[in-house]
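Number of protein chains: 2
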Amino acid sequence: MKTRIISAICMVPLVALLYFGSFWLAALCIFVAFVGLREFYQGFEHEDVHPVKMIGYVSIFVLYFLNGFMLYSGRPYNYEMILAWLAASVMAGSLVMFDITKKTPIDAMATIIGIVYIVFFSFHVVLVDQSDYPVMRWLVVITAFGSDIFAYFTGVFFGKHKMCPNLSPKKTIEGFIGGIAGSTLCSGLFGFFFAKELLIHCIILGIFAGIVSVGGDLTASAYKRHMGIKDYGNLIPGHGGIMDRFDSIMFTAPFIYYYIAIVLDHFQLGL
Amino acid sequence: MKTRIISAICMVPLVALLYFGSFWLAALCIFVAFVGLREFYQGFEHEDVHPVKMIGYVSIFVLYFLNGFMLYSGRPYNYEMILAWLAASVMAGSLVMFDITKKTPIDAMATIIGIVYIVFFSFHVVLVDQSDYPVMRWLVVITAFGSDIFAYFTGVFFGKHKMCPNLSPKKTIEGFIGGIAGSTLCSGLFGFFFAKELLIHCIILGIFAGIVSVGGDLTASAYKRHMGIKDYGNLIPGHGGIMDRFDSIMFTAPFIYYYIAIVLDHFQLGL
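Protein chains in written order, with my numbering: chain D, 1 to 271; chain F, 1 to 271.
Do not take every clue at face value.
Remember, identical chains collapse to one label, so a pair may be satisfied in a single copy or spanning two.
To be verified - Below, in silico cross-link-like pairs of lysine-lysine (DSSO-like), each with a Cα-Cα straight-line distance of 30 angstroms or less:
hint, residue 1, residue 2
1, LYS230, LYS160
2, LYS53, LYS103
3, LYS230, LYS170
4, LYS160, LYS103
5, LYS170, LYS160
Think of the hints as simulated: they come from the structure by calculation, not from any bench. All of these numbers come straight from a predicted model, not from anything done at the bench.
One chain only, chain D, in its complex shape (with noise of 0.2 angstroms):
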């Protein structure tokens, strides 16, 4: 309880640079995805797993680089440069096993898997931001914590059904359901006060991403519970690390991106 209030209030800061978006959301971005990726890799040297992590720093580098330079350029924005920078990434990690002696496939795909689960995933947050409706950028935080908060109180007051015991064992099937009923109402509210030609879809995604959300919940722990750790990190002393605190959003933020992407741009289905 205490740890979610401290929680809540370290989000302050977190909000400024939400509203302010643009350079300021792709600093903070750059930053969950440096802090986080380093929990990531040093949990899982607790289990005898050794990605390389200057592959990974480096990947972020290149990403943030190549994504600025897109939007500079002059030229289009050309998703392929993404696509090309994910099988880079993916070869350079690769490359990792070739010390056969030293490390093995499994430290490689470590390696690889942080770079796509972490940096490509939270990467998201900014092409959000950088859409044609920057203000769904909220949606991304409004449904991973919205879900989070509504599912710990409506578990706390109903929660009977354990919903994965052996995973999470807090987690009841009540408060997941009382999880994407606040996501839909947290978004809602927000449509209807703030993107109101946007409302409906808003109500989707607090549904849908709201759904999701438990999924960033739930891997986050999985890797936990496999490398034997209780918290990622103490980035804020006894409140977990960045990994513990925006799990959910690693899965929020693709799929409203391409939410946007596919429906509202793509089919053009919102307008």
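We have chain D; now place chain F onto it with these hints.
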């Protein structure tokens, strides 16, 4: 030696499909992705890692369906769809580990790496074929096999210095240099006779894709070594599986595609 000759004969129908391109080439890539992924996942079972095959198979279906849909939908081809497919595949692969009593994050990581390394990478053959320079699809194969065959013969006749004795004991530095020279020669000849306006690019790709091709070969070897298997399969009895024959292509295909997409298309340096 005999293996190599028989493999070469088996390449004849492949060359025909490559010649026809388009639908036929896509069908070949689906086949390679399906069989290659199956071999890769089965290899992991030797070391008690259990990827979820069905997620991989569904990802192949979805990717080629999306691709076909975009080609014939009348809307411009949208690379964000491919990014969305990738993100969705990574999320789907993460679901694997929610069943934490039976599955581990390593199973999920193997599921995801299989999709990225085999399905996504081999798909670039199709992307090259659909690009503005479909003739370049030949280079994907010419650089991979040119490098492989010339490396073999240079190694046999001049090989003295081992390149990576622990990972691939037969590879020599002399063979590596001979392979790059061979890849460059074959690509250059191809450019001279069949794509004169792209000759300089064929030579550049001959050099660099020749190097990248060795990376593909070593990556496949490192996985095999870790899995404790000699070959990925026996599709051609006694001559290995799809992943033994197409290991280099997994890396040359993305390299050549992004060369086209970035150097020739985005920056138009070739015109």
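Okay, the hints, checked on the actual structure:
Taking CA atoms no more than 30 angstroms apart as the test, LYS230 paired with LYS160 passes inside one copy only; the shortest distance there is 24 angstroms, against 52 angstroms between copies. For a Cα distance limit of 30 angstroms, the shortest separation of LYS53 from LYS103 qualifies both inside one copy, at 13 angstroms, and across copies, at 26 angstroms. In the homo-oligomer, the alpha carbons of LYS230 and LYS170 lie at most 30 angstroms apart inside one protomer (14 angstroms), although the nearest pairing across protomers, at 46 angstroms, exceeds that limit. Taking the closest pair of Cα atoms, LYS160 and LYS103 come within 30 angstroms of each other only across two copies (26 angstroms); inside a single copy the shortest separation is 46 angstroms, beyond that limit.
For the identical chains of this complex, LYS170 and LYS160 are intra-copy neighbours only, at 10 angstroms inside a copy versus 62 angstroms across copies, given an alpha-carbon limit of 30 angstroms.
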